[in-house]
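For the protein sequence lines, the chains are A and B, in the order given.
Residue 279 in UniProt numbering sits at position 279 of the first sequence, and the numbers go up by one each step.
Residue 155 in UniProt numbering sits at position 155 of the second sequence, and the numbers go up by one each step.
Calculated from the structure, these hints are not laboratory results.
Check each hint, because a few of them may be wrong.
Result set (DSBU-like, lysine-lysine): computed pairs, CA atoms no more than 35 Å apart in a straight line [what the hints assert, rightly or not]:
{"hint": "1", "chain 1": "A", "residue 1": "233", "chain 2": "B", "residue 2": "56"}
{"hint": "2", "chain 1": "A", "residue 1": "266", "chain 2": "B", "residue 2": "152"}
{"hint": "3", "chain 1": "A", "residue 1": "233", "chain 2": "B", "residue 2": "8"}
{"hint": "4", "chain 1": "A", "residue 1": "205", "chain 2": "A", "residue 2": "88"}
{"hint": "5", "chain 1": "A", "residue 1": "220", "chain 2": "B", "residue 2": "8"}
{"hint": "6", "chain 1": "B", "residue 1": "137", "chain 2": "B", "residue 2": "46"}
{"hint": "7", "chain 1": "A", "residue 1": "113", "chain 2": "A", "residue 2": "127"}
{"hint": "8", "chain 1": "B", "residue 1": "132", "chain 2": "B", "residue 2": "46"}
{"hint": "9", "chain 1": "B", "residue 1": "8", "chain 2": "A", "residue 2": "234"}
{"hint": "10", "chain 1": "B", "residue 1": "152", "chain 2": "A", "residue 2": "127"}
{"hint": "11", "chain 1": "B", "residue 1": "46", "chain 2": "A", "residue 2": "220"}
{"hint": "12", "chain 1": "A", "residue 1": "127", "chain 2": "A", "residue 2": "213"}
{"hint": "13", "chain 1": "A", "residue 1": "127", "chain 2": "B", "residue 2": "46"}
{"hint": "14", "chain 1": "A", "residue 1": "124", "chain 2": "B", "residue 2": "152"}
{"hint": "15", "chain 1": "A", "residue 1": "213", "chain 2": "B", "residue 2": "8"}
{"hint": "16", "chain 1": "B", "residue 1": "152", "chain 2": "A", "residue 2": "150"}
{"hint": "17", "chain 1": "B", "residue 1": "132", "chain 2": "A", "residue 2": "124"}
{"hint": "18", "chain 1": "B", "residue 1": "132", "chain 2": "A", "residue 2": "220"}
{"hint": "19", "chain 1": "A", "residue 1": "242", "chain 2": "B", "residue 2": "56"}
{"hint": "20", "chain 1": "B", "residue 1": "56", "chain 2": "A", "residue 2": "234"}
{"hint": "21", "chain 1": "B", "residue 1": "132", "chain 2": "A", "residue 2": "127"}
{"hint": "22", "chain 1": "A", "residue 1": "234", "chain 2": "B", "residue 2": "46"}
{"hint": "23", "chain 1": "A", "residue 1": "242", "chain 2": "B", "residue 2": "46"}
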Amino acid sequence: MENTFNNKTDKENSENIIESDINCKNNGDEDFTSPKMEVKKEIVNDEPSELSFETYPENSEEKAKRKLIEKAINDPNSRLDTWLSFAKSEYGLVNDDLRKIVWPLLLNVDTNKLDNVPTLEELKNHKEYEQVVLDVNRSLRRFPPGIPLKHRLALQDQLTVVILRVITKYPHLSYFQGYHDVAITFLLVTGDAVAYHIMEILSTKHLAECMQKTFETVQKRLLTVFAITYREKKELFEFLEKSQCGLLFALPWYLTWFGHSLNTYKSVVRLYDYFLASDPLLPLYVSAAIVLYREDEIFREDCDRASLHCLLSRLPEDLPFEYLLNYSQKLFEKITDTMSYERESFY
Amino acid sequence: MDFSATYKVLVLGDSNVGKTCIVHRYCDERYYDTYISTIGIDFKQKLINLDGVPVKLQIWDTAGQERFRTLTTAYYRGAMGILLMYDVTSLDSFNNLSYWLRNIQENAAPDVVKVLAGNKCECTAAQRAVDKERGDKIAENFDMPFFEVSCKQNINIEECFLTLARKIREQREHRGENFDEEEQAKSGNMKRSTSNGLGPFTLGNSSSEGRCSC
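Model the full assembly from the supplied sequences, consistent with the hints where possible.
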């Protein structure tokens with residue numbers, strides 16, 4: 001846990017770039033070439049889109065990685081670093097059976113010491129109960145297709161319980177629409193008892209800012225996306241700024257770790273592997289990486305708020321996430337390095 | 001006059017009253033039983049034939065949870081029309097109209113056009129929590145056209161948006177006339193007042209509207 005969250009300074013660094021560093025020159029390496037998007041006008045699918053749960057047979061690399069992880073699970077010498085490295089490297093934790101074991105390990109959740117699960121009845125008095133139920137009832141797309149109704153309803157009740165347990169235990173944390181999108185990802189993989197402990201840790205660390213009474217901090221934090229864009233591709237930043245499209249397109253990405261916005265289940269859990277092993281601000285770097293990656297599409301769009309909000313808020317189906325995660329990590333390291341270099345020179 | 005005009009419309013109201021649903025129903029002519037919660041703000045547009053004149057309706061669909069409001073107020077300022085919604089089966093959503101009206105007053109243009117819609121009017125008598133008369137009354141008090149609508153059964157959806165669009169058109173024509181008069185009356189370098197029809201919604205709205213929305 002120590003390793004995962006020893007990032008206070010990094011966090012402060014990233015915060016600083018918002019205000020002080022926006023005028024820095026792009027001093028980064030230019031050799032990070034991006035696989036360019038195919039030049040085509042995206043067909044916008046505006047329907048409440050289906051989440052694809054399609055599975056593919058594992059390829060030879062995934063198979064090799066799965067075996068390594070299985071071996072590590074049985075090895076008493078495995079440490080947090082082992083899990084962090086698996087979670088971040090290509091293919092992440094490969095499949096949900098492994099995630100069920102490794103996700104708790106990444107957060108130091110002891111699956112042998114789980115609190116008793118209260119009943120929904122015991123939690124119903126919470127003032128957010130109604131709102132939580134409204135959102136949970138509208139989370140159908142996150143469940144695998146063909147799941148028996150009875151089973152789904154039971155899971156939805158469990159989801160409500162997981163959420164209410166956290167906000168009941170931590171009254172200073174406020175529920176936000178989108179929190180249910182995060183919680184359901186863990187519920188479906190780890191079951192309700194473990195999901196609660198995972199959400200407890202995330203809510204007091206990674207998502208703590210999102211759970212403040214207002215979104216004021218989140219609003220400022222989102223500016224990181226533009227700050228990174230400015231550093232990496234000034235013209236792109238200027239184009240976006242001129243359009244006044246704002247940053248609300250990235251709000252669900254940040255609040256739900258992309259769980260609300262992605263179209264394939266496989267990508268959702270892959271990103272969650274990575275985020276569990278990263279600085280809490282990494283989702284913002286991934287957001288920036290996506291914006292930078294879509295540069296050509298963005299420039300082809302009319303420079304106005306509606307067109308750009310519309311383009312950006314809908315994620316293309318074929319985003320190369322391994323590349324984007326790698327790119328985000330590089331952006332993160334580059335920016336935090338620059339910051340510590342600047343601080344050293346300052347002193 | 002309104003050559004290829006774009007009308008910016010904002011949909012407001014409590015969580016789960018059917019904001020996303022009405023936008024889908026109107027723009028895509030489809031209905032889904034379950035929607036996903038809107039996180040932040042969503043956008044759709046529709047080209048309509050407004051009494052023979054093509055108009056582009058830009059519809060911004062907002063999250064209902066109160067905490068999102070600070071993020072969406074930038075969109076209030078740009079709105080020419082607001083579709084305010086409640087759910088006839090939820091008394092809370094009706095009682096909260098005063099909260100939404102206050103928000104509109106504080107954040108939107110003073111002369112923004114409003115239409116009130118009470119959704120889910122296909123409900124049974126037992127499910128209904130708000131009588132139509134109560135909707136009529138609040139609509140009259142705040143000078144808003146009012147419709148009970150049903151996204152599920154496609155009742156009054158078109159009427160709702162067309163009424164809003166017509167009211168926006170009237171407003172603009174009215175403003176345009178005032179503007180011409182002022183222009184003619186103007187001698188020398190009189191400073192252009194912000195209420196003369198060139199509010200932040202017309203062309204060249206770059207600086208007045210505030211930089212970014214979040």
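Hints, verified against the model:
1. A/233 x B/56: Measuring from Cα to Cα gives roughly 33 Å; hence the hint holds.
2. A/266 x B/152: The hint holds at about 33 Å.
3. A/233 x B/8: holds (31 Å)
4. A/205 x A/88: holds (19 Å)
5. A/220 x B/8: With Cα atoms ~26 Å apart, residue 220 of chain A and residue 8 of chain B stay inside 35 Å; holds.
6. B/137 x B/46: holds (31 Å)
7. A/113 x A/127: Given pair residue 113 of chain A, residue 127 of chain A holds - Cα atoms ~29 Å apart, limit 35 Å.
8. B/132 x B/46: holds (29 Å)
9. B/8 x A/234: Holds, at roughly 30 Å.
10. B/152 x A/127: holds (29 Å)
11. B/46 x A/220: Given pair residue 46 of chain B, residue 220 of chain A holds - Cα atoms ~32 Å apart, limit 35 Å.
12. A/127 x A/213: holds (14 Å)
13. A/127 x B/46: Distance of about 38 Å is beyond 35 Å: violated.
14. A/124 x B/152: holds (30 Å)
15. A/213 x B/8: holds (30 Å)
16. B/152 x A/150: holds (25 Å)
17. B/132 x A/124: Within the cut-off at roughly 31 Å; holds.
18. B/132 x A/220: Violated, at about 43 Å.
19. A/242 x B/56: holds (22 Å)
20. B/56 x A/234: holds (32 Å)
21. B/132 x A/127: Status holds; Cα separation ~29 Å.
22. A/234 x B/46: holds (33 Å)
23. A/242 x B/46: holds (24 Å)
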